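Given these sequences and hints, build the entire structure.
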Amino acid sequence: MTHLGLKAWIGDPGGFLPRNLPPETADPIAFHPAGSPERRAEMAKGGKPLKIRLIDPAYHHPYMGHHPKIIKTIWFAHLSLTSVAALTPEGMEVRITDENVEPIDFDEEVDLVGLTGMVMHAKRAYEIASRFRERGIPVVMGGPHASSLPSEAKEHVDAVVIGEAEQVWGRLLWDFQQGRLQPFYRADSYCSMEGLPIPRRDLLREEAYMTINCVQTTRGCPHQCDFCHVTHFFGKTYRCRPVDEVIREVEGLKGDFVVFVDDNITGNRRYARELFTRLKPLGKKWASQASLHLARDPELLKLAAESGCVSLFVGIESLSAENLKDVNKSFNRVSQFEDALKAFHDQDIMVLAGFIFGLDHDDEGVFERTLTFCERNRIELPSFFVLTPLPGTPVFERMEAEGRLLHKDWSQYNGATVNFRPKLMTEDTLQRGFNWVCKEVYSWSS
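The sequence shown begins at 16 in the numbering used here and counts up one residue at a time.
Simulated from the structure, these hints should not be mistaken for lab results.
For clarity, every value in this text was computed on a predicted model and none was experimentally measured.
Among the hints, a few may not be true.
Straight line, CA to CA, 25 Å or less: simulated BS3-like cross-link-like pairs of lysine-lysine [unchecked claim]:
#1 Lys138 with Lys423
#2 Lys251 with Lys340
#3 Lys299 with Lys317
#4 Lys66 with Lys169
#5 Lys340 with Lys438
#6 Lys357 with Lys317
#7 Lys357 with Lys299
#8 Lys269 with Lys299
#9 Lys295 with Lys317
#10 Lys317 with Lys340
#11 Lys269 with Lys295
#12 Lys251 with Lys269
#13 Lys269 with Lys300
#14 Lys169 with Lys138
#15 Lys357 with Lys340
#16 Lys295 with Lys357
#17 Lys169 with Lys357
#18 Lys357 with Lys300
Label-pair ranges, simulated between beta-carbon atoms [unchecked claim]:
#19 Ser166 with Gly418: 52 to 58 Å
#20 Asp217 with His75: 47 to 53 Å
#21 Asp271 with Glu142: 38 to 44 Å
A virtual CB, placed ideally from N, CA and C, is assigned to each residue, including glycine.
See the structure below:
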């Protein structure tokens, strides 16, 4: 999907394997299953439980805002830290703070702090780490940014998790209790989707979010778009969770609405068909992300709607075939966009469509052309982004090699700020055009 897209809102449960790892990670670290009875018993020894605080750093989007009412309207609870909490052995006291909805207690008596974050969270994450480390409290960090730039992250924290948390969290906690916390913990393979623990939603402030019913059924994407973190995050894999386990989790949720946080829920047709068929009797409404390819499969699209699908985020990205080819997304056919959107609407599925501004074939007219396209096709919620060269992606590497990056202030790598030199317009023109189209669409009057 898009390079930031809904991931900026719903988060990710793991990390990815960067191409260039620091030398400290050359030797793979074995996985010790934290969930085994033996390990739980060992970790619980000593009487006083280990106190762990997991923190999601605040992020202030320039256009979505940060008012509690806005968060309550559009913000899905992140899966990342609830998943890590679920991996934490019994006998340890784990708590979660989402700084987007509640303040951090920097005076809390805690033994270990864990941070996550995408690129735009990095600066704030490092500030948080500094506050706790000043008190002598060790801090560990994982997630997309720490995994793509582990050496940078290590300058600010005591240990960096590189890769999916399932592979290393138990070993990290064991080492910490033994007083031998390592600088890097690398997940040297991708975990099985079978038997994953249920995220600890009970640790969230449910009333602060639109929903906490976020469920993951697959990881990865069959495509490899140059601007996207997904294939770098999960590798060139597409892994499916057993449908029986998904259904059991959905059945246990309160309420009748679920967000499937998959990057592409229809990446495997056979799996999607089984999942949708099993969802139908539950009577739940759901939203997710999917490829426009779904519109070319009337049977599967109809089944998705019948199973409760009410909204899908799709990455259109650009109305230029040249742009799509340049970023390795030529499987999106510009000539088929309007028919695809009509197919979604014919099934009463609301469309959230992602568009990226600043690609190499974009000129000053791209903003009006895109807005006209959205209006003509009745796209309910267009999501606009400035092209953001995320570390670890081919777009970042290309921009850096061409000397087009303006800076590396990660807090500005937020999908709404120009951080590079465009080819067919100035930086100022790109920024002003993006600001204009956002105001046209996101203002209260619209």
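These are the hints, each one checked on the structure:
no.: 1; hint: Lys138 with Lys423; verdict: holds (11 Å)
no.: 2; hint: Lys251 with Lys340; verdict: holds (19 Å)
no.: 3; hint: Lys299 with Lys317; verdict: holds (16 Å)
no.: 4; hint: Lys66 with Lys169; verdict: holds (22 Å)
no.: 5; hint: Lys340 with Lys438; verdict: holds (16 Å)
no.: 6; hint: Lys357 with Lys317; verdict: holds (13 Å)
no.: 7; hint: Lys357 with Lys299; verdict: holds (24 Å)
no.: 8; hint: Lys269 with Lys299; verdict: holds (10 Å)
no.: 9; hint: Lys295 with Lys317; verdict: holds (12 Å)
no.: 10; hint: Lys317 with Lys340; verdict: violated (30 Å)
no.: 11; hint: Lys269 with Lys295; verdict: holds (17 Å)
no.: 12; hint: Lys251 with Lys269; verdict: violated (34 Å)
no.: 13; hint: Lys269 with Lys300; verdict: holds (12 Å)
no.: 14; hint: Lys169 with Lys138; verdict: holds (13 Å)
no.: 15; hint: Lys357 with Lys340; verdict: holds (24 Å)
no.: 16; hint: Lys295 with Lys357; verdict: holds (23 Å)
no.: 17; hint: Lys169 with Lys357; verdict: violated (48 Å)
no.: 18; hint: Lys357 with Lys300; verdict: holds (21 Å)
no.: 19; hint: Ser166 with Gly418: 52 to 58 Å; verdict: violated (22 Å)
no.: 20; hint: Asp217 with His75: 47 to 53 Å; verdict: violated (27 Å)
no.: 21; hint: Asp271 with Glu142: 38 to 44 Å; verdict: holds (39 Å)
Checked against the numbered hints given earlier, the structure breaks hints 10, 12, 17, 19, 20 and satisfies all the rest.
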